[in-house]
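Given only the sequences and the hints, what does the whole structure look like? Please build it.
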Amino acid sequence: DAMVIQNPRYQVTQFGKPVTLSCSQTLNHNVMYWYQQKSSQAPKLLFHYYDKDFNNEADTPDNFQSRRPNTSFCFLDIRSPGLGDAAMYLCATSSNPNQPQHFGDGTRLSIL
Amino acid sequence: DAKTTQPNSMESNEEEPVHLPCNHSTISGTDYIHWYRQLPSQGPEYVIHGLTSNVNNRMASLAIAEDRKSSTLILHRATLRDAAVYYCILTSGAGSYQLTFGKGTKLSVIP
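Protein sequence lines correspond, in order, to chains P and V. So in this note's numbering, spot 61 of the first sequence is number 61, and the numbers just go up one at a time. So in this note's numbering, spot 5 of the second sequence is number 1005, and the numbers just go up one at a time.
The hints are simulated quantities; they were obtained by calculation from the structure and are not laboratory data. Mixed in with the good hints there might be a few duds.
Cross-link-like lysine-lysine pairs, in silico, DSSO-like; alpha carbons within 30 Å at most [as the list claims (entries may be wrong)]: (1) 44(P) / 1106(V); (2) 1069(V) / 1103(V); (3) 1106(V) / 52(P); (4) 52(P) / 1069(V); (5) 44(P) / 1103(V).
Small disclaimer: the values here were computed from a predicted structure and weren't measured.
Written as structure tokens, this is what we have:
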């Protein structure tokens, strides 16, 4: 019963070529988050949506953007990926900021 | 954000209890203590959280020191599936949207 679904599990793109990662949820949660996890490091919050309100972390790179067209879907857009953007990207949801977060299994992004 | 300190790694034998420690000496009165774990090739998974009192759920128990400067996650009977990185995280208030993951403790379970 997948509740937070990230497709694809693996994504390959070329240096500088825009890429979009997708996340969908069946939980009807109000909050959706995007994290970046580089190899052997802990997840790092990039931004989150509380309903339609977008909240960007201060140190999130400018070429990272997000869209949330409806409750169920959220997208991470990387405008011009560099080699340093190769990482696992994790999507999570919570019913509200006071509740535990439910994570997807991530999309591993490789940059050629 | 108040910081946490955890051992880099721990080992446990299968079917034995595991006590995972976390120090948070700069915790403030309204900080909640959360535990998440991350199995290999998976996203993190919520385990438990608490404020002052010890907490139990189907996955684990959380024991919080009286001065709240440390806590211990207790897995009552380790299984091979419990091998993961365990993260102890403090959040301001109950809101968990500001999850700041530290390095965590890598737990190995020996058959």
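Structure versus earlier hints, numbers of those that do not hold, lowest first | 3 and 4
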